[in-house]
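Novice: Following the hints, position chain V against chain C.
Number of protein chains: 2
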Amino acid sequence: MTRKPLTAALVLSMGLSATAAANEGMWMPTQLPELAKTLKAAGFEGDPSALADVTTPPLNAVVRIGGGTGSFVSGDGLLLTNHHVAYGVIQYNSGKGHDYINEGFIAGGRDDERPANPDYRVLVTVGFDKVTDEVLREARGKSGRAYYDAVENARKRIVADCEAEGGVRCSVANMYYGSDFYRVRQLELTDIRLVYAPPRAIGNYGDEIDNFMWPRHTGDFTLLRAYVGKDGKPAPYSKDNVPYHPPAHLTMSLDGPKEGDYAMLAGYPGITYRLRTAAEFANQIDAVLPRRVEVFQQLIDVVEAAGKDDADARTRYASQLQSLKNNRKRAAGELEGLLRSDAKARRAADERAMLAATDAKYKADIDALFASLDAERAAGERELLVGLMSSQTQLLRSALLLERLRVESAKPDAERESGYQQRDQALIEGVLRQVQRRYDPAVEKAILTALLTRYQQLPDDQRDSHYDNLFGRTPEQLHKALDELYATTKLGDEAQRLSRFEAARKGAFIDNDPLVSVAAALVMAQLSAERESKERAGEQLRLRPSYMQALFAWRAQQGRAVYPDANGTLRISYGKVEALHPRDAVNYSPVTTVAGIVEKNTGTVPFDAPKPLLDAIAKGDFGSTADPALKTQTVNFLTNLDTTGGNSGSPVLNARGELIGLNFDSNWESVSASWWFDPRYKRAVHVDMRYLRWLLAKVYPAPALLAEMGLPRE
Amino acid sequence: MTRKPLTAALVLSMGLSATAAANEGMWMPTQLPELAKTLKAAGFEGDPSALADVTTPPLNAVVRIGGGTGSFVSGDGLLLTNHHVAYGVIQYNSGKGHDYINEGFIAGGRDDERPANPDYRVLVTVGFDKVTDEVLREARGKSGRAYYDAVENARKRIVADCEAEGGVRCSVANMYYGSDFYRVRQLELTDIRLVYAPPRAIGNYGDEIDNFMWPRHTGDFTLLRAYVGKDGKPAPYSKDNVPYHPPAHLTMSLDGPKEGDYAMLAGYPGITYRLRTAAEFANQIDAVLPRRVEVFQQLIDVVEAAGKDDADARTRYASQLQSLKNNRKRAAGELEGLLRSDAKARRAADERAMLAATDAKYKADIDALFASLDAERAAGERELLVGLMSSQTQLLRSALLLERLRVESAKPDAERESGYQQRDQALIEGVLRQVQRRYDPAVEKAILTALLTRYQQLPDDQRDSHYDNLFGRTPEQLHKALDELYATTKLGDEAQRLSRFEAARKGAFIDNDPLVSVAAALVMAQLSAERESKERAGEQLRLRPSYMQALFAWRAQQGRAVYPDANGTLRISYGKVEALHPRDAVNYSPVTTVAGIVEKNTGTVPFDAPKPLLDAIAKGDFGSTADPALKTQTVNFLTNLDTTGGNSGSPVLNARGELIGLNFDSNWESVSASWWFDPRYKRAVHVDMRYLRWLLAKVYPAPALLAEMGLPRE
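From first to last, the protein sequence lines stand for chains C and V. Reading the first sequence from the start, the letters are residues 5 to 718 in the working numbering. Reading the second sequence from the start, the letters are residues 5 to 718 in the working numbering.
Please note that the accuracy of each hint is not assured.
Pairs count within a copy or across copies, as identical chains cannot be separated in the list.
Said to hold, decoys possible - Think about it this way: if two alpha-carbon atoms lie no more than 30 Å apart in a straight line, the pair counts; the simulated DSSO-like pairs of lysine-lysine are:
{"no.": "1", "residue 1": "K333", "residue 2": "K604"}
{"no.": "2", "residue 1": "K635", "residue 2": "K580"}
{"no.": "3", "residue 1": "K262", "residue 2": "K237"}
{"no.": "4", "residue 1": "K538", "residue 2": "K635"}
{"no.": "5", "residue 1": "K510", "residue 2": "K415"}
{"no.": "6", "residue 1": "K449", "residue 2": "K312"}
{"no.": "7", "residue 1": "K146", "residue 2": "K367"}
{"no.": "8", "residue 1": "K348", "residue 2": "K604"}
{"no.": "9", "residue 1": "K623", "residue 2": "K348"}
{"no.": "10", "residue 1": "K262", "residue 2": "K243"}
{"no.": "11", "residue 1": "K312", "residue 2": "K329"}
{"no.": "12", "residue 1": "K333", "residue 2": "K615"}
Read the hints as simulated data drawn from the structure, not as lab findings.
For reference, chain C alone in the conformation it holds in the complex:
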């Protein structure tokens, strides 16, 4: 019950090594055979070697979908993912008279399944091969920018060769920060259809209020179906297409999870930073996060003050304000978590021990890496400010986009910076068109004043002379420059922006405008910063592998395996169903029930459970989906599995490899887990598949789908 601040002594008394818990790890499937013993010890009843190959069952049932994860759950291409991952598909199909978001959707047979938005994709991994030598061959012996370019060119060449055969999408994944590279081949399914979605008040019950919270009561799932051409090959939507027959699909368990049960999860986690250096941890905790909290708070204050007496400005900036607040909250939560876990001191102690044990041959590289990271760290505030000047403004962003588009458009399309190629131009045009609804000159000037005032206070070696020249060094000069700029620019006029867009995309000269002139200077500064940044990136790509080698050796001494930081490739995590004890005397059960839906229900968004659900709960007819011990219907459950963004929609499997849950969220205490895994607090939140089965059986019936998945009808 007691929860003392975690100290090294306490950690050791818990029987854990200093940085890893039994359930920590986003393992590459290829690593699982080496973990066979611990997998079995944890309770897995299957053959660990069967999990090693992403191109064979069961892992080839797990797909990448809409920024998250999904899995096939029938031989006819039925796909399970989160309601929030498929939200765009539901929205795309909603319209006047058919509000599938609020009312949900059940296809009245296969003919009634609705095509997703045309850019919606499902990627099935069909190849995963190590190509380290090929990637690094040209780079060896080089350094800095040359090293960077050699690696990038090799990656581009491998992707081009791989995609040449057609029908697949390829990429090269960087594992362990430049130590290893893998070629990932993925089948790209392009005809995806909406089959079953619960109403918003089930699929997103609790919305932002319950987001990151436990206990949860959300049915965050949707069923889709993948279609292919009659030849079985991926094809764009056509009514003649037929259901895709995946090489494997998952089977839903008829039993549910209970505390202590083994659980595992497969998915495509996006990004983590756990193998970063102690200095990077310290910088994140001491500088990056506090700075983000401070700057976002400053912008929140500016926007709120500007909106105080101006209802119109308040409306235009409502969404931006919400996003600033989310950013601030998230940074504060991450900071709080890292402090609570004492991550800085613990990572530092771990690195010190590693360096003491390191083979001398790595030392020079590691020292050089540390020096490069120091230089990068110094640029942290400038990079944050410059990024915000573009992302938090409307007119200045437009000018920067136009000018950079002009610069890039002078090059062949393939050589242009990503974001400015032919395929990106619709997005740029969209940004230029939506300015009117989100722009107020007084607010934009106030935001820039806050950001540029901070910029003016940067040390000399961090300020670019373009900024000094444009905005001066004093508050008065800044004030005057911004006033003149916004009084004279014509970019507030949509027609003016669009005519300049037409010129810029051809690489042609853009009609003169004061803000475009400013942007031209700022793009010069941007290009110069990018050159520096790529130089550093090349050095780090070259040097980090030595740090990794030292780490591998140190972990080997500790008897521990190392998993690569998340990078959007398929990973597996294993652990168990586990309660959460977040604070003194507060204990959360790992399984929630429908009673909680009734308790939370206020009748207004987001706690407005639909009447059919409330009626069914009151009726209490839970049939075979009721929990035998709890004697009621469960809704969500918690595991200690290792997840991050991108794991949304990941299937959760039991000891026999059967589907028991659908991952959809983490608890608030896990926000900092992208840097540091703390087994006391890290939990993942899942939909209990028995809740899905009950909804399909008794509340919004879809008997044909239950039959297709081989499940009982009640």
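Specialist: Okay, now just chain V, sitting in the frame of chain C:
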């Protein structure tokens, strides 16, 4: 784990009868011998009959103090109560250079113990005798106001006779709503001194944020000492006084509480409504509480709107706004709790069953009681509005006080309405003097506009013609009347109010003022409403005993004892240390530890634990006060004991009658317990005496006090 809405069937399945749980009951000590079996079954190891007499040990160690409860904890008159019960004493002794509120206070020996404010009292109950016949003798055969007056006159006579002997304070307590009356004789100790108070950030750690919350981490205790004259008799403060030697004192246990342990508590609970009729329950749930929520919200909106662009008004009304919000929150919480417990339907079913089983001889009285309650119910909204017109205004309240004071001052002091006697005049003067800091004419007019607009919409038989004449029947008339009134009244001037106060207290004519004229008419309406109300009160006093007899008979059939609703007399509750499961998947442990202090600490009020406390926690030197199972220092604990306001400071005893805790709060889910005891949610929050002992031993040491209480020094 599941928590379905409570239905009658579920209640029965829990093995409880429809309205009582094992731990429900604020028993009169005289009832304990009849409960001996259940007390023993619950785990009490002492002799139940020893608890029957409030004038013998251990109950005569439990005293009434400053609106709450206290207990003697040494033979030298050392008294234990809550920090918040003794707050006025600490405040009275604080001043420039000695901030005992924030820094705490430890007397440097008996000479250094500081006298309380002169009106602070400790009452030791020395007599408790049934006087029903004497009280009702003259009333029998009468009805309405005559019955009321006969009872009141008998009570006044009994009190006067009782106090004639001197040195005691007497009162007549009404049990079971006019069924029984008891004469309570209390020794009045008037020299009370401050001995030991922890700093505010311990005694009130968490303040309003944690109020009503669990888990708690508050050291809400203070030690005082009672002194008497050298002759052993109560006497006002004198440096020659000597410590009082109480006839009994409690002994602190060296063991602490753990889940499931027997616990009991003695104290002076203020008021409950559990024996009210089903119609009164329905009215509370359907009308009184929703109306309070609505009207308080309306006033909150009015005050917030008025303060929106007026920082000065915002400051003047900050405290009133906070109080309105607390009132609204409290009413909403009570309503929520009563709905959650389905109290209306359950009380109605219980009463229906009772009436079906009732002896015919009670039926006429019960019908007449129901009719009288109907009439009272109709006046509910008017009474709320009239009350708020006085309590939520400054100038109108001043005028009403002045005019009523004038009316009452024409009578002999003893016959004046309570609140307007000689002894009340300092309070009235205080109210008249503090107007300036809390008054803004625009806000007061807005408040009155809201209240009087509701008044205008009351049905004809509820509106008093004085109001119609003064404020009209339309928004325009109301607006005009208020504008004129506040433009011309001189009561905004303090000197004007005070000169009229001097006249009013002599019963003399008050210099003319428009608002005083209005008040004169409103006081006429008030007096007429009071006449009606006393007429009804007399009838209910006459009739309720028949309802009680029917209830006693029904409870006897059910095999259950009945305890009287709380009325400020000494009561006993027994139950056990019990965890709380307030919502689906949320489980609170019943004991908190010092780890929670560290977790909650932000360094700013109210989570700003003092450094010596944080250092001592970090040091972890808990000695003999550590919990043997948790291996750390505990702070607070939960029991399922039956408490309400007035139980603050109640001693919590273990099975052997030893002191283990100090009651100081309830959980939020208990707010509705004044009407309905729901064993699922009703908990009381206590300071663990081991926390007190640790603070006195290791953090803010007071070894002499530990020795005086017979406790180990570490």
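Novice: Does each hint hold? Answer for all of them.
Specialist: Now for the hints, and whether the structure bears them out:
1. In the homo-oligomer, the alpha carbons of K333 and K604 lie at most 30 Å apart both inside one protomer (23 Å) and across protomers (18 Å), since each shortest distance falls under that limit.
2. In this assembly of identical chains, the alpha carbons of K635 and K580 lie at most 30 Å apart whether taken from the same copy (22 Å) or from different copies (28 Å).
3. When the C-alpha separation of K262 and K237 is checked against a cutoff of 30 Å, the pair qualifies neither within a copy, at 41 Å, nor between copies, at 67 Å.
4. For a Cα distance limit of 30 Å, the shortest separation of K538 from K635 qualifies neither inside one copy, at 59 Å, nor across copies, at 54 Å.
5. In this assembly of identical chains, the alpha carbons of K510 and K415 lie at most 30 Å apart only when taken from the same copy (10 Å versus 99 Å across copies).
6. Within a single copy, K449 and K312 get their C-alpha atoms as close as 16 Å, and across copies as close as 26 Å, so both meet the 30 Å cut-off.
7. When the C-alpha separation of K146 and K367 is checked against a cutoff of 30 Å, the pair qualifies only within one copy, where the shortest distance is 19 Å, while the shortest distance between copies is 103 Å.
8. Taking the shortest alpha-carbon separations for K348 and K604, only the inter-copy value of 21 Å comes in at or below 30 Å, while the best intra-copy value is 38 Å.
9. Taking identical chains as interchangeable, the C-alpha atoms of K623 and K348 lie at most 30 Å apart only when they sit on different chains, with a minimum of 22 Å there against 52 Å within one chain.
10. Taking identical chains as interchangeable, the C-alpha atoms of K262 and K243 are never at most 30 Å apart, the minima being 44 Å within one chain and 68 Å between chains.
11. Taking the closest pair of Cα atoms, K312 and K329 come within 30 Å of each other both inside a single copy (17 Å) and across two copies (23 Å).
12. In this assembly of identical chains, K333 and K615 lie within 30 Å of each other by CA distance solely across copies; the values are 28 Å between and 34 Å within a copy.
Violation of the numbered hints given earlier is confined to hints 3, 4, 10; the remaining hints are satisfied by the structure.
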